[in-house]
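K.L.:
Chain residues, written in single-letter form:
There are 2 protein chains.
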Amino acid sequence: MENTFVLKYGGTSVGTTDRIKNIADQLIARKQKGHNLIVVVSAMGKSTDELIRLTKEISDNPCKRDMDMLLATGEQVSISLLSIAIKELGYKAVSLTGLQAGIETCTTHSKARINRIREDRIISHLKEDEIVVVAGFQGVNENGDITTLGRGGSDTTAVSIAAVIGCPCEIYTDVDGVYSVDPRVYPEAKKLDSINYDEMLEMASTGAGILETRAIEMGHKYKVPIYIALSTGEFPGTYIKEYDQAMEKKVVTGMTIEENCLMISISMVPFESKNISRIFAKLAENNILVDMISQTAPHDHFVSVSFTTLRDDKEAVHRVLNELSTEIEGIQVYMDESLVKLSVVGIGMISQSGVAATLFDILADNEIDFLQVTTSEISISYTIHKTDMDKAVHVIAESFDL
Amino acid sequence: MENTFVLKYGGTSVGTTDRIKNIADQLIARKQKGHNLIVVVSAMGKSTDELIRLTKEISDNPCKRDMDMLLATGEQVSISLLSIAIKELGYKAVSLTGLQAGIETCTTHSKARINRIREDRIISHLKEDEIVVVAGFQGVNENGDITTLGRGGSDTTAVSIAAVIGCPCEIYTDVDGVYSVDPRVYPEAKKLDSINYDEMLEMASTGAGILETRAIEMGHKYKVPIYIALSTGEFPGTYIKEYDQAMEKKVVTGMTIEENCLMISISMVPFESKNISRIFAKLAENNILVDMISQTAPHDHFVSVSFTTLRDDKEAVHRVLNELSTEIEGIQVYMDESLVKLSVVGIGMISQSGVAATLFDILADNEIDFLQVTTSEISISYTIHKTDMDKAVHVIAESFDL
Chain U
-8 MENTFVLKYG GTSVGTTDRI KNIADQLIAR KQKGHNLIVV VSAMGKSTDE
42 LIRLTKEISD NPCKRDMDML LATGEQVSIS LLSIAIKELG YKAVSLTGLQ
92 AGIETCTTHS KARINRIRED RIISHLKEDE IVVVAGFQGV NENGDITTLG
142 RGGSDTTAVS IAAVIGCPCE IYTDVDGVYS VDPRVYPEAK KLDSINYDEM
192 LEMASTGAGI LETRAIEMGH KYKVPIYIAL STGEFPGTYI KEYDQAMEKK
242 VVTGMTIEEN CLMISISMVP FESKNISRIF AKLAENNILV DMISQTAPHD
292 HFVSVSFTTL RDDKEAVHRV LNELSTEIEG IQVYMDESLV KLSVVGIGMI
342 SQSGVAATLF DILADNEIDF LQVTTSEISI SYTIHKTDMD KAVHVIAESF
392 DL
Chain P
-8 MENTFVLKYG GTSVGTTDRI KNIADQLIAR KQKGHNLIVV VSAMGKSTDE
42 LIRLTKEISD NPCKRDMDML LATGEQVSIS LLSIAIKELG YKAVSLTGLQ
92 AGIETCTTHS KARINRIRED RIISHLKEDE IVVVAGFQGV NENGDITTLG
142 RGGSDTTAVS IAAVIGCPCE IYTDVDGVYS VDPRVYPEAK KLDSINYDEM
192 LEMASTGAGI LETRAIEMGH KYKVPIYIAL STGEFPGTYI KEYDQAMEKK
242 VVTGMTIEEN CLMISISMVP FESKNISRIF AKLAENNILV DMISQTAPHD
292 HFVSVSFTTL RDDKEAVHRV LNELSTEIEG IQVYMDESLV KLSVVGIGMI
342 SQSGVAATLF DILADNEIDF LQVTTSEISI SYTIHKTDMD KAVHVIAESF
392 DL
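First to last, the sequence lines map onto chains U and P. Per this note's numbering, the first sequence starts with residue -8, numbered consecutively. Per this note's numbering, the second sequence starts with residue -8, numbered consecutively.
Possibly wrong hints are sitting among the right ones.
Below are the DSS-like pairs computed for lysine-lysine, each with C-alpha atoms no more than 30 Å apart in a straight line [claimed, not checked]: (1) U:K12 - P:K47; (2) U:K55 - P:K118; (3) U:K83 - P:K118; (4) U:K47 - P:K12; (5) P:K47 - U:K37; (6) U:K118 - U:K83; (7) P:K83 - U:K102; (8) P:K118 - U:K37; (9) P:K55 - U:K24; (10) U:K12 - P:K37; (11) U:K47 - P:K55; (12) U:K12 - P:K12; (13) P:K83 - U:K47; (14) P:K47 - U:K22; (15) U:K55 - P:K382; (16) U:K102 - P:K47; (17) P:K55 - U:K83; (18) P:K83 - U:K55; (19) U:K47 - P:K22; (20) U:K118 - P:K102; (21) P:K24 - U:K55; (22) P:K37 - U:K37; (23) P:K12 - U:K118; (24) U:K83 - P:K24.
Bear in mind the hints are in silico, worked out from the structure with no lab data behind them.
Required output: the full structure, derived from the provided sequences and hints.
P.N.:
Here it is in structure tokens:
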């Protein structure tokens, strides 16, 4: 259908009945322009936290199927109230749960993946000129059980629906767009008019938590134009879209900083490939996410390997490393919590080879030491000392006009 | 299945996580006796009121489909938490929404009737030795929309499931059973060990709001033994079951008092049957429930008709009567709010004709005037002055040993 849009509003945007009424006003304004609207909403403000609090009074380890059943009520409340608010203004609306909206997922509770969206019901309501209000974050599996999609699930719902309908997706949230650098770290940072999917993916996975990587991947795969803006609609936001020529002018699009960073170095590892694989297999078994792996060439039949992980996983990492120390004789382990990971992202890096050299120069000129460096096609990441962070952010941002 | 029971817990019984844990304990005790359990629960305490409050901030006249969608979340929260609480004690459980439990209803939102229960899923979970926790009050219609069953809906859910499974139904609530007279009015009232469906229906429809009439009718139709007791399980409750010989000994089982009572008398109605039908048709169109209709024989080609209704409907009644005054010339209308309706109920009245006479004697001896009297096979109802209520209750209760 022509002129169809998926709009997604997060928990803060529907946190009170006044905000819900405000969203209804905005939707009517769009409707009056002749737009067909599918609106995906999250649970109201702190309602999910409240449900989790109740659960904790009963069990520390609740069944995931029951938790999905419980948490899905949050979005069901939001869609009901928003639909009521739209009708109060004299327009047609229909509220749909994940099941009713045809969101079919795998059977993994608490972090289900969407297998398929049966869009017939959404389309038939659009044809009735109704604003279709869909519960984000939730779906139904082949057993008819309610599932939830995990962190950022409502974004994934919105982008997935846009993908099957073949329309753009607008994500309204409490930030006014994507910035070249996190404004909390570098207040002079510039808001980007547009960014391409790959860059956004690098930015997201390296710490800019605006949009969950799954939603970006989905948008990329199905070429869904995504727009991120403030839910009040006050300022122009940022478009996430496919690569175009205009983007190429700028070599570096943005920079992200991950402060929740723990670097581990293991040295004196006897040079056998099974030793290295044993280390990472054990980390994976314990659900420890590993990033920035670097290994030096063997020396005297020993190798050293470094990697970063989230500081939140410190306890688990410690346990795993202790076990490894008994399994692989003689290894030496070193952990450093005083580091941050800084990543520079830009699609222009693919064609312009000087970026890495420029960055090394900048760091050297400013006496900023880095412990590790890794690169992808469109990004370079460093681990640096926390004390150097502010200086590094400023000199890099100024050099690349971020 | 042998040894299967439906247990229903109301909103107060699941009002806090501590109470939910307490119910889980009780269920395990039953499970250890080898019972198969289907548990129907209502929404937690005041949660429904809270959702209604939110709605009122948005609309005075919310769409009923949206309201059903909204209110159904209350029971969904309860089933999730109770299921978690059971599993925390090491037993198997499964939470089912109305849809998942196969509760199929008509399409009338906010007061849907159950058309059918597809019990396959409930039974298969019972066979897995799971305690099946079902959301009361809700179902799904043929369009896949969530419906709710109206007042007392969870009781109806419980008794209906017991009917299709062919097992007894236990209703746990905040009263410890059915009393011969409301203990708030007559503290000396006796708790009944058992009462039959017809008597309970008369008691319910004449004011004893322990169990909704729909649930009793359903129990009667499918011969479901119903047990009503305190949710703490402390005291023996009351059985509602089919008529048996033992019950016959007592002529009068109970007495109910309806204080929310408005009597209307219309006199000088020209004696034509269409006039009387016009009066009651108009009341019905305006959804005014009419009770205790009595009409005197015509005199001088005029008749008088009296009926009672709920005092809550006063405004609507007033409007209808004003309209009637212009439509039927010359009628005179009289309203009396200072009355209560007192009903005496007992299956024994069918075979023992002296009850009415005894009652008239008692009222006369004690100088209690009544304005109307109506009778059914197993009940006699009077409207009396509110000022006579206490005296009437005491003398009747003492005479019939209630």
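K.L.:
CA of K55 of chain P to CA of K24 of chain U, is that 30 Å or under?
P.N.:
28 Å, holds
K.L.:
Could you grab the alpha-carbon distance between K83 of chain P and K102 of chain U and see if it respects the 30 Å cut-off?
P.N.:
23 Å, holds
K.L.:
Please verify whether K83 of chain U and K24 of chain P have alpha carbons no more than 30 Å apart.
P.N.:
Not satisfied, since the Cα-Cα distance of roughly 54 Å exceeds 30 Å.
K.L.:
For the pair supplied as a hint, K12 of chain U and K37 of chain P, is the alpha-carbon distance within the 30 Å limit?
P.N.:
Given that 30 Å is the threshold and the Cα spacing comes to 24 Å, the pair holds.
K.L.:
For the pair we were handed, K47 of chain U and K22 of chain P, check the Cα-Cα distance against 30 Å.
P.N.:
Holds: K47 of chain U and K22 of chain P sit about 25 Å apart, inside 30 Å.
K.L.:
CA of K47 of chain P to CA of K22 of chain U, is that 30 Å or under?
P.N.:
25 Å, holds
K.L.:
Under the criterion that the straight-line Cα-Cα distance not exceed 30 Å, is the pair K47 of chain P, K37 of chain U satisfied?
P.N.:
20 Å, holds
K.L.:
Does K47 of chain P sit within 30 Å of K102 of chain U, going by the straight-line distance between their CA atoms?
P.N.:
With Cα atoms ~34 Å apart, K102 of chain U and K47 of chain P exceed 30 Å; violated.
K.L.:
Do the alpha carbons of K118 of chain U and K102 of chain P lie within 30 Å of each other, as the hint requires?
P.N.:
29 Å, holds
K.L.:
Just to be careful, I want the Cα atoms of K24 of chain P and K55 of chain U compared with a cutoff of 30 Å; is the pair within it?
P.N.:
28 Å, holds
K.L.:
Mind checking the alpha carbons of K55 of chain P and K83 of chain U for me, to see if they're no more than 30 Å apart?
P.N.:
14 Å, holds
K.L.:
For the pair supplied as a hint, K118 of chain U and K83 of chain U, is the alpha-carbon distance within the 30 Å limit?
P.N.:
At roughly 11 Å apart (the allowed maximum being 30 Å), K83 of chain U and K118 of chain U satisfy the hint.
Hints 3, 8, 11, 12, 15, 16, 23 and 24 from the earlier list are contradicted by this structure; the remaining hints agree with it.
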